[in-house]
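A.B. asks: If you want the building blocks of each chain, they are given just below.
There are 2 protein chains.
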Amino acid sequence: MAVYTEVADEELEAFLEPYGIGQLLSYKGIAEGVENSNFMLHTSKGTYFLTLYEKRVAEKDLPFFLGLMNHLAGKGFACPVPLRNEHGDMLGRLADRPAALISFLEGVSVRRPQPRHCAELGRAMAEFHLKGRDFELKRENALSVSGWRPLLDACGARADEVVAGLAAELQAELSTLERDWPRALPQGVIHADAFPDNVFFIGEKLSGVIDFYFACNDALAYDLAICLNAWCFEHDGSFNITKARALLQAYTEVRPLDAAELAALPLLARGSALRFLLTRLYDWLNRQPGALVNPKSPVEYWKRLRFHRRVTSPAEYGLDI
Amino acid sequence: MAVYTEVADEELEAFLEPYGIGQLLSYKGIAEGVENSNFMLHTSKGTYFLTLYEKRVAEKDLPFFLGLMNHLAGKGFACPVPLRNEHGDMLGRLADRPAALISFLEGVSVRRPQPRHCAELGRAMAEFHLKGRDFELKRENALSVSGWRPLLDACGARADEVVAGLAAELQAELSTLERDWPRALPQGVIHADAFPDNVFFIGEKLSGVIDFYFACNDALAYDLAICLNAWCFEHDGSFNITKARALLQAYTEVRPLDAAELAALPLLARGSALRFLLTRLYDWLNRQPGALVNPKSPVEYWKRLRFHRRVTSPAEYGLDI
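Going down the list, the protein sequences come from chains B and V. Okay, so the first sequence: first residue is -8 according to my numbering, each after it adds one. Okay, so the second sequence: first residue is -8 according to my numbering, each after it adds one.
For identical chains, the list gives no copy identity; a pair is met inside one copy or between any two copies.
25 Å max Cα-Cα, derived SDA-like pairs, lysine to any residue:
(1) Lys287 <-> Tyr(-5)
(2) Lys287 <-> Ala(-1)
(3) Lys19 <-> Leu32
(4) Lys287 <-> Ala155
(5) Lys51 <-> Met81
(6) Lys287 <-> His226
(7) Lys46 <-> Ala5
Because the hints were derived from the structure by calculation, they are not lab data.
Please model the complete structure; the sequences and the hints are all you need to start from.
C.D. replies: Here it is as structure tokens:
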């Protein structure tokens, strides 16, 4: 749940004026995301989404995020598009914050994804990767392998408060990943946060992907490893190979994985599990009593990490190799 | 800002099915109200509002609130209308809570109402009172004069923490009001919470009134006294007689006040100021560190109370008498 910046009617109307989107009919602060304040607007011309960027999103990164949405949508990828105002700007200011008016994307996120949803996701991620390749801006992945050591240093000593022995296990795991991390895989823009919350469906069809605020340049197959972790494990922690097969087959039909990517998949999946394990561990150990957001337990990502460590071939993810 | 009950896609779809409102396209939890969890829905047939009633609204009162909306809307009053499902019910259950699907009312609440907004409000309140008169259900006003003594007992002793001398002043004021409260004024259904937050405009025109969850039976003129307090004082605490005149004139053009109502207006305004002063004082003194909702200061209603105590004739509210 988000913390909101309140926006007064007269300020909002002044902000909207240069966008030429007709008369404001209603606006509602919505409970989505934790980084930003979001509003849903109805005007005489349609429905829009308004985002005010709070301090967790670095202002210098906004041209990358908004530019990427614009780039991908321009190539037919299903995602929200920032509107330009009459000055040609996608980024303005409202309530003393950077603010963007964005097209509203219809769709519902699925709490219990089924294999058919995973297949839709696979196709969409491959399209995302192909269509993003010629996007001209760059943004380093602050949460890739080089970013994990500082996170572990900041909270690893207390990891045993969560699971006995976890501190030592994380040290060993990170050392292995730092040593073996594949650095020559095909690179490009990745979404880096394509969790079920951020993928919308209407009925059985994927209607679009949202929340580009972790997007960055990295190995494309790493994005797929993030999806494997986020979509293909059951609530009881078990791996669902049917979902993984659906995801990977649909992806590779649009963008085939090369031999190095295939071989790296188990390691990338370990890395992705460690990345979410570390950020969740940090948030968990630093949670505030009475805070708005209940941090997610890091334990489920620890279990996923252990699963991937036992994987010896990408065939175990359901790929026909 | 509200605390939300999360609703999963499959649960929501099952809840919506018997309403026949087409395919669900999107739903967003919205940050409106503190008593309930509210969602805005788009379906293939339009936009809807979904409310899950949390524990601050008594379930036994819901037929009154929903029935009143239905009654008023049926008479052409601009307000949201609860939909009936195929079983004829306006009230269902979702996520283990009472839940209602309600038509979505377009409009924007005005942070700084102008006299023209007050005039629109006056007409709407008079219509509300006239159209509500034959509504068959009854609900006592738990926050009228007989409810103020228990509130004062619960927090009055600490009132001096807010303003020195306030405890004694409130005791004296309440004794006066209990003794002099007018009990023979025209009665009917009142909104009882028609603050600017709850009145929507599109451009200059009032588009509707929302939030019926304090509605009850009481003196109609008391509702107008609530509006006087909520709409006709400036942020600096000063009384704006132009706004009051606009409000009262527009009201009386639709529903004239009788002599007893006119004479009672200053006392009703004192009572209304005391009612909001007491609930705000209670919330203020019982606020929790780190709570989601910042309670409003009771001080502004104390200033209003003092203003009304000095009023000797309803003419001071701008009425031509």
